[in-house]
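Let's have the full structure, built from the sequences with the hints guiding it.
There are 2 protein chains.
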Amino acid sequence: MTSEELFSNIVAKRSFLCVGLDSEPEKLPESVKRYKDPVFEFNRRIIDATAKYTVAYKPNFAFYESQGVSGWDSLRKSVEYISVNHPDIFIIADAKRGDIGNTSKMYARAVFGDMPFDAVTVAPYMGEDSVKPFLTYQGKWAIVLALTSNKGADDFQYFTSAGERLFERVLTVSQQWGTPDNMMFVVGATRAEMLSDIRKIVPDHFLLVPGVGAQGGSLEEVARYGMNKKCGLLVNSSRGIIFADSSDRFDIVASEKAAEIQKEMAGYLAPLVG
Amino acid sequence: MTSEELFSNIVAKRSFLCVGLDSEPEKLPESVKRYKDPVFEFNRRIIDATAKYTVAYKPNFAFYESQGVSGWDSLRKSVEYISVNHPDIFIIADAKRGDIGNTSKMYARAVFGDMPFDAVTVAPYMGEDSVKPFLTYQGKWAIVLALTSNKGADDFQYFTSAGERLFERVLTVSQQWGTPDNMMFVVGATRAEMLSDIRKIVPDHFLLVPGVGAQGGSLEEVARYGMNKKCGLLVNSSRGIIFADSSDRFDIVASEKAAEIQKEMAGYLAPLVG
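Top line first, the protein sequences correspond to chains A and B.
So for the first sequence, the numbering used here puts the first residue at 10; every next one is plus one.
So for the second sequence, the numbering used here puts the first residue at 10; every next one is plus one.
A hint or two may mislead.
Copies of the same chain look alike in the list, so a pair counts if it works inside one copy or between any two.
Claimed, not checked - Mimicking DSSO-like on lysine-lysine, the simulated pairs with C-alpha atoms at most 30 Å apart in a straight line are:
hint, residue 1, residue 2
1, Lys114, Lys149
2, Lys36, Lys209
3, Lys141, Lys272
4, Lys42, Lys22
5, Lys42, Lys209
6, Lys114, Lys42
7, Lys141, Lys160
8, Lys238, Lys149
9, Lys61, Lys22
By construction, these hints were calculated from the structure, which means they are not laboratory data.
Set out below in structure tokens:
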């Protein structure tokens, strides 16, 4: 998918919402547990209930890997389900991968060759040859961690050399490895006040913004400081949508929660879409 | 496993060799391809052939994930095989994981709950709460990336603030999250000259050292600059051992290659073991 296509989808749905499929098995509603693959059944219903309000899904690999082989199978089925039934939706492998070149090449194959993901989150610590293999697939994206939403972001991401913080260095250097059509950056919503500074470095790139909802970030601030002329934002919510209700109405409630966020987003998008 | 137990195994085998199971399916010898699970069959023979010269195995997750569900199954069987048949050997999940706390907790469950790994490699970029969940399992280890063996290490790991480089900052800060009994650090053999500086910061921790062999690092230099009184080193070789021969004698040749390295290591260990 190109950035223009992604923006078209955002305009069409008046939404820049990404729903995080952090489908922790212990948290699944009782009503899906009788299925052979409860995680897939849960995801399928969440996906069908929220797709009209959503431009992206982001399965978080940890929640699948923790279930071993069966989790990996649930993940694959979920991604294929989105790809077949909602082909306009951007699918992000939230995997935080990154290793030496020959290894990153294999991780890229896992998400882009073996499964129909559009993008994968990547950790920058190991530098250029750890990220570039993810940029060699036509129409696919690497989403590089810049400033994350968690407390631990303070430990190293603000490390400062000659007035430049590490996350700024990561943005400055890593944007040279790709283009605004195959790279995005992760910027946590809990750091919304930093978005103005970040937009000076990467004015045109899409930003994937986690941390709205359960982590406490403000959507209004993210839109104010982070939006560019082509929106340039994918704002993720996971637990606040998918686990909003634990009864058999979980999908209906998830749909309502997604609709609320979409409605708010439509307001912020109004100046861009006329 | 404790660091004392690991050192005992090193003394017993006169070896600090870790064999990297980067078992890329395309590179497997023809003779294993007729098996139902060629990757497992390859690993099983490599393991049995090299175990007497080896104190650790390190499956690289990328090479399994790239095969999807079946790869994940090969990985699990291989790790269980080591655990059952060679229970003294330390098993490292080379996965470079790291995410916000609730997510790292799930990654930890994948490697320590669902599979019998002893340790997992972890990327430090997201800070303390991304690493700590890996330290909550009794006898299990987190191995934090400090200075990696690849070219891209130059991009950010040498970023310098007030005379301190990022990899040194990572060592200084992250060692406070655990102990020398549950944390190690990755330092590439291609940066062996840095090991003296690194030993000033982490004198007692084990270091996992990749990059000897195919990547060009020198075992002699690693031992000279990196060894401490309890050895404190696990030196990894992957391709140089497991793909040294492509005929049906691959396991015998792998055994010979491992034996060569073990013999060299025995020399460096002599002052420690009497």
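Each hint tested on the structure:
Both within a single protomer and between protomers do lysine 114 and lysine 149 lie at most 30 Å apart by alpha-carbon distance, with minima of 13 Å and 28 Å respectively. With identical chains, the CA atoms of lysine 36 and lysine 209 are never at most 30 Å apart, being 40 Å at best within one copy and 46 Å at best between copies. Proximity of lysine 141 to lysine 272 under the C-alpha cut-off of 30 Å is found in neither arrangement, the shortest distances being 37 Å within a copy and 38 Å between copies. In this assembly of identical chains, the alpha carbons of lysine 42 and lysine 22 never lie at most 30 Å apart, being 32 Å within a copy and 49 Å across copies at closest.
Taking CA atoms no more than 30 Å apart as the test, lysine 42 paired with lysine 209 passes in neither setting, with 48 Å inside one copy and 53 Å between copies. Only between protomers do lysine 114 and lysine 42 lie at most 30 Å apart by alpha-carbon distance; the minimum there is 22 Å, versus 36 Å within a single protomer. For the identical chains of this complex, lysine 141 and lysine 160 are neighbours both inside a copy (28 Å) and across copies (12 Å), given an alpha-carbon limit of 30 Å. For the identical chains of this complex, lysine 238 and lysine 149 are intra-copy neighbours only, at 22 Å inside a copy versus 49 Å across copies, given an alpha-carbon limit of 30 Å.
Only within a single protomer do lysine 61 and lysine 22 lie at most 30 Å apart by alpha-carbon distance; the minimum there is 7 Å, versus 61 Å between protomers.
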